[in-house]
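Kindly generate the complete structure, drawing on both the sequences and the hints.
Protein chains: 2
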Amino acid sequence: MVIDERKLIETVFAPLAAGAPGAFGLRDDAALLPVFDNEDHVVTVDTLVEGVHFRSHDPADTIGRKALRVNVSDLTAKGADPFAWFLSLALPATTPKGWVEDFAAGLAEDQARYGLDLYGGDTVVSPGVVIISVTMVGRCPAGTSVRRFDGQSGDLIYVSGTIGDGALGLLVDDTARMAGLKAADRRMLNRKYLLPDPPVKLAMVLRSYGRAAMDISDGLVNDLGLMCATSGIGARVEIDAIPLSGPARAALAAQDCGLPDLLAGGDDYQVLAAVPRDRASAFEEAARRVGVAVSRIGRFTAKSAGVGFFDGEGEAIDLPKSTFRHFG
Amino acid sequence: MVIDERKLIETVFAPLAAGAPGAFGLRDDAALLPVFDNEDHVVTVDTLVEGVHFRSHDPADTIGRKALRVNVSDLTAKGADPFAWFLSLALPATTPKGWVEDFAAGLAEDQARYGLDLYGGDTVVSPGVVIISVTMVGRCPAGTSVRRFDGQSGDLIYVSGTIGDGALGLLVDDTARMAGLKAADRRMLNRKYLLPDPPVKLAMVLRSYGRAAMDISDGLVNDLGLMCATSGIGARVEIDAIPLSGPARAALAAQDCGLPDLLAGGDDYQVLAAVPRDRASAFEEAARRVGVAVSRIGRFTAKSAGVGFFDGEGEAIDLPKSTFRHFG
Chain B
1 MVIDERKLIE TVFAPLAAGA PGAFGLRDDA ALLPVFDNED HVVTVDTLVE
51 GVHFRSHDPA DTIGRKALRV NVSDLTAKGA DPFAWFLSLA LPATTPKGWV
101 EDFAAGLAED QARYGLDLYG GDTVVSPGVV IISVTMVGRC PAGTSVRRFD
151 GQSGDLIYVS GTIGDGALGL LVDDTARMAG LKAADRRMLN RKYLLPDPPV
201 KLAMVLRSYG RAAMDISDGL VNDLGLMCAT SGIGARVEID AIPLSGPARA
251 ALAAQDCGLP DLLAGGDDYQ VLAAVPRDRA SAFEEAARRV GVAVSRIGRF
301 TAKSAGVGFF DGEGEAIDLP KSTFRHFG
Chain P
1 MVIDERKLIE TVFAPLAAGA PGAFGLRDDA ALLPVFDNED HVVTVDTLVE
51 GVHFRSHDPA DTIGRKALRV NVSDLTAKGA DPFAWFLSLA LPATTPKGWV
101 EDFAAGLAED QARYGLDLYG GDTVVSPGVV IISVTMVGRC PAGTSVRRFD
151 GQSGDLIYVS GTIGDGALGL LVDDTARMAG LKAADRRMLN RKYLLPDPPV
201 KLAMVLRSYG RAAMDISDGL VNDLGLMCAT SGIGARVEID AIPLSGPARA
251 ALAAQDCGLP DLLAGGDDYQ VLAAVPRDRA SAFEEAARRV GVAVSRIGRF
301 TAKSAGVGFF DGEGEAIDLP KSTFRHFG
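Chains B and P are the protein sequences, given in the same order. Sequential numbering from 1 applies to the first sequence in this note's numbering. Sequential numbering from 1 applies to the second sequence in this note's numbering.
Fair warning: there could be bad hints in the mix.
Identical copies look the same in the list; a pair holds intra-copy or inter-copy alike.
[To be verified] Computed list of lysine-lysine pairs in DSS-like fashion (alpha-carbon distance at most 27 Å, straight line):
hint, residue 1, residue 2
1, 97, 321
2, 303, 321
3, 97, 7
4, 303, 182
5, 321, 7
6, 7, 303
7, 97, 303
These are computed hints drawn from the structure, not numbers from a lab.
This is the structure in structure tokens:
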């Protein structure tokens, strides 16, 4: 296939921009981004590289959806509601037309799911692999978004959803290590790897009750370390309080995987939040109202205490920061 | 070199974000983009690929500067003043540290030149070549930006600067065709290829007097064709009125290059504008006041007349749409 950029824009990408007046049907070189009274714009950029952030054989539609979801995840954790995005797509000239169509079908599906519109972008030829860069814009009432570096000693540590499923979803496919897993569990974990499910409704809860937040994309150990480092604090996590899915518990019990796989594997796309103690019950109640599971897993401490993970006997557990070092 | 993303951000990129409070020193995953009362945000994305949009041996500092300038060029042509940008950088793991430092030094220089601040981005490993994607945001009074597709039959056609120098700058380096050129002219043309010089001050003139505008990045023939196609009009260009630089005229006279090289070669990064006849003198006067050279090269016509280029005798000249088909 020789990719014709103009045709690609007209037939594949322009339909994704149909709901955005400021995108002008992608007939211009630049977009008019809506600005809302008394609201802030929160912007994030996340880039996925074939062979690093997704596998060549992953279904094209889930690759597109994941490219959106990792950015939705970033904005959710900032307390912002995503509404606009821009795509820079580097495609090998040999990319089959069907791949691009499936990729776009996935984008369309998740645009509807998350209330997003494509506002613009650029498509270029890649002499190497597929590289997908998404710039996404979210909105929130002025002054209400939360940062990564504002955690304080004494705040409680919360995470959303369950931890480690995405990392296991990658493992079940790539190794025979977890042969004991039921087929249904295997599929569920793999699905979580392919299609993270960021808790978008937690955004409004975070802006009311969160002190600091970030999404967990590189593993809980690494990202908690980042929040502590940038906030100038320490943390004490009770490992037994970390929420695990049924399949993850089963794999752990069967010694098919270890804690490092779950807590340092990456691809969670859940929220890590610092919540002041006196807002904790309101935070939990608000999360329950919007239907997002949150778990209190420990508390932030003075920086001097470091970042520690403790078992039920109060013993410190040594965990690597990451079991998989992808660059970026 | 094994590139450490965090170190790269702290030492190389964070200084570029120092002037932007909403970038938080790149210590967060997302930025707060300023919103201005009664102003629009105009956003563009342009991606440069090594070997396609720049050459591997181009100086790293000019590659960075060009990545900014092609986006500045897009916004200028929309009547917007650029102020914020986001970088997605895909780098081979073997990229020398010095290359990245030179690249960033170029970015710093042009940030100062254009009043830009880095607000965020992502750095990833590229298994192939360097790919640089920039998302840039400009501002203008609400409702004043100009589109590509609003040209009308009867409007006058204007271009800024001179046409064809960038394309010749690529030719002088790559072929022996233009051996007759003086060394100084050769350097000047090459410089124009490496470092386009978008007429930023024309933005305010366009929002007052322009009806439609776009930047010329893929050659005058191609881009005028695009403006006509999207506006549903035709055009009649007087070739003798197209502004050429001294070196371009010399190369043309010596038959070292032909009109197609100049008019369909690309890399101009000048403005193409449709100006209503009754605003033409005000447009010219305003351009003069801000020190941007503009030339009237013809007029837009009914769509049925097509897009034609005519010589001094009124003969139609056949020109290819492009002498160089890069994809994107």
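Hint compliance check: list the failing hint numbers for this structure, sorted ascending. 4 and 7
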